[in-house]
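Colleague: Residue strings, one per chain:
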Amino acid sequence: MNTKPQLDADELLRESENQLREILHTAMDGFWLVDAQGRILKVNEAYCQMSGYSRDELLTMNIADLEVAEAPTNIASHMQKILTQGDERFETQHRRKDGSLFPVEISVQYKVGSEGGYMVAFLRDLTSRVRTELELREYQRQIYHMERVQAVSVMASSLAHEINQPLAGILSNAQAALRFLRSPDLDLGQIREILDDIVADDKRAGDVVSRLRAMLRKEPSASERLDLNEAIQTVMTLARPDLLLHGVTVRADLDGELPKVLADRTQVHQVILNLLLNAGQAMWGEAEPFDSAQGRRGRKRGISGVNMAEGEAAILVSTWRDATGQITVSVRDSGPGIPAEVMPKVFDPFFTTKPDGLGMGLAICRSIVTAHGGHIWAESPPGGGAVVSFTLKAEEANAEGDR
Amino acid sequence: MEKVGKDSKLGACNTVYVVDDEPSVRKALSRLLRSAGLKCEVFASADEFLAHERESPAESGCIVLDVQMPGLNGMDLQEVLSAGEGRLPIIFITGHGDIPLSVRAMKKGAVDFLTKPFDDKDLLAAIAVALRKGEEARARVAEITQFRDREQTLTTRERDVMARVVAGLLNKQIAAELGIEEGTVKIHRGRVMQKMGVQSVAELVKMTSGITDQ
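Note that the protein sequences, when read in sequence, are chains C and Z. Mapping of the first sequence onto the working numbering: residues 1001 to 1403, in sequence order. Mapping of the second sequence onto the working numbering: residues 31 to 244, in sequence order.
Keep in mind the hints are simulated off the structure, nothing from the lab. Take these hints with a grain of salt, some might be off.
If you want the ones that stay clear, here's a sample from chain C, every Cβ over 10 Å from chain Z, calculated [said to hold, decoys possible]:
1) Gln1037
2) Arg1089
3) Phe1180
4) Gln1190
5) Arg1265
6) Ile1338
If the Cβ cut is set under 7 Å, some of the chain Z residues that face chain C in the computed set are [stated by the list, open to error]:
7) Asp51
8) Ser54
9) Val196
10) Ala197
11) Gly198
Keep in mind the model is a prediction, meaning the values are calculated, not measured. Positions of the beta carbon are idealized from the N, C-alpha and C atoms, including for glycine.
Let the hints inform the model, and build the full structure from the sequences given.
Modeller: This is the structure in structure tokens:
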């Protein structure tokens, strides 16, 4: 072992002081030594950079000259609190020499030395962190929109289908009426029936269009009283043609007594749609669209415990309310289920098992459900298939909570 | 354009079977077909139609079939019915036209593939084609059955002779091949023509060629 030459105590102290100064000088975080009156006694280069003041300027200043978020009286009481507590960590805003503001996180400790009490403070500039958060939020918002556009494009074909049904009814009815009108034994009652049906079909087509408009709305709509069962039915109607095309049947087992929830309609629609399409896509992989009936029946599939035929590619959407007033929506499929190693990641952004997937579907579901104060989780029950469920609070439960 | 309906032969004894899960489309189509003088029966699903087929199989007519339906979809039903060899020609109707899908359906023998909403003229024209195809198929089946029935009445020797006549051999060659007299061949040949109900060799050839093609 090497032995260093013995240094005397003074030299040791000086060296340690130098090291300390060096550390403080090169630190990324700002450093202050402040007396009990709030005067700045020492300051490092990092804080000079942050604030735009020179060291000499800062050494003539008081905390109150830099602090923006707190009024001078508040600073005094805050300092009093630090004196009694011994330390404190908080976020505030400081003003730069050029007048601009910047967010700062301060960690401060109160010490009592030979010349009285003083405070050691480390200051972290949060500008970049805040910017990152803002950027992230903006990015998320974009992804939301993108996912919604994607979902809408998936649905465009379904919507075409939805609109073409009533249009077909209208056209055939109208042309039948024209033919009847040409016949010698004209039955006006029949013509009236036909016109009634045309009116009904036309309104139906109009409803489809307004649903589409609601889905495309970009700005988040405010919370409204929402019938979850109705929302599920709406989305099921939209997704059904696409799912049927891929040989997937959708069924609902809805609790008829469900109370309303306070929620953003569009976002809830999006969650349900994402879950339905996810469940459907879990099974598309196995069944080619329009497989012959036999080919599909031959496959071993099914959901035990619910009334689904053995081997059927099916989705079951159920709702129920538990004793605590929580409403659970559960989307169950008869696909291959979720492998255990994948389970913890399914709600992560950009996690996907689909070659063309963005991996945002379930991540968005989670953030929407969480924003509504609910929970979302996935299971792969032993009987096969996958179940994704989420909860939302019933409207009354919310009201009671507010009281 | 072909005409269907009361006044045409085609519509007279034929029924159009409409299979569509959309109630309003079923209702409208049933009216439209009746207004054109056609008989029409509607079914809400492929299974419903198959159940009806098991009860009382349709003798003639055609199917107007929706593609997307819960349970067995239209393409599935086409598959199931394809064993029936065009007995009931199919016209597909669909909520959204999909080219690969229509190609597939047509390859499997569909008469037409119409995208909703479709014009009555297009539908009725397709139905006319379908009913005619069904008629032809039935006539063909009847012909085959008749041929088989008559063929049953031939002796082994007569069948040997018929096969060679149809193959274009001369009496002399047939006699040599079978090791019999040319005169005997002539007698067999006469009986074949009589039993098979044909006047000429050409007719016989036409009859058999159609059948071996099947």
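Colleague: Against chain Z, does Ile1338/C hold up as non-interface, every C-beta pair farther apart than 10 Å?
Modeller: It holds; Ile1338/C is separated from chain Z by about 26 Å at its closest Cβ, greater than 10 Å.
Colleague: Would you check whether the claim that Arg1265/C is not at the interface survives, using Cβ distances to chain Z and the 10 Å cut-off?
Modeller: It holds; Arg1265/C is separated from chain Z by about 25 Å at its closest Cβ, greater than 10 Å.
Colleague: Once the shortest beta carbon distance from Ser54/Z to chain C is found, is it less than 7 Å?
Modeller: Holds. Min distance 4 Å.
Colleague: Less than 7 Å between beta-carbons is the criterion; does Val196/Z satisfy it with respect to chain C?
Modeller: 38 Å, violated
Colleague: In terms of Cβ atoms, is chain Z entirely out of 10 Å range of Phe1180/C?
Modeller: 5 Å, violated
Colleague: Quick one: work out the minimum CB distance from Gln1190/C to chain Z and report holds if it exceeds 10 Å, violated otherwise.
Modeller: Violated: least Cβ distance 8 Å, not greater than 10 Å.
Colleague: Minimum C-beta separation from Arg1089/C to chain Z exceeding 10 Å: can you confirm that?
Modeller: 60 Å, holds
Colleague: Given a cut of 7 Å on the nearest C-beta pair, is the interface hint for Asp51/Z held or broken against chain C?
Modeller: 9 Å, violated
Colleague: Using Cβ atoms and 10 Å as the threshold, tell me whether Gln1037/C really stays out of contact range of chain Z.
Modeller: With a cut-off of 10 Å, Gln1037/C remains clear of chain Z, as the shortest Cβ separation is near 78 Å.
Colleague: Tell me if Ala197/Z is really an interface residue toward chain C, meaning its C-beta lies closer than 7 Å to one of theirs.
Modeller: With a minimum Cβ separation of about 40 Å from chain C (threshold 7 Å), the hint on Ala197/Z is violated.
Colleague: Hint validation: Gly198/Z versus chain C, beta carbon distance must be below 7 Å. Holds or violated?
Modeller: 42 Å, violated
Checked against the numbered hints given earlier, this structure breaks hints 3, 4, 7, 9, 10 and 11; the rest are met.
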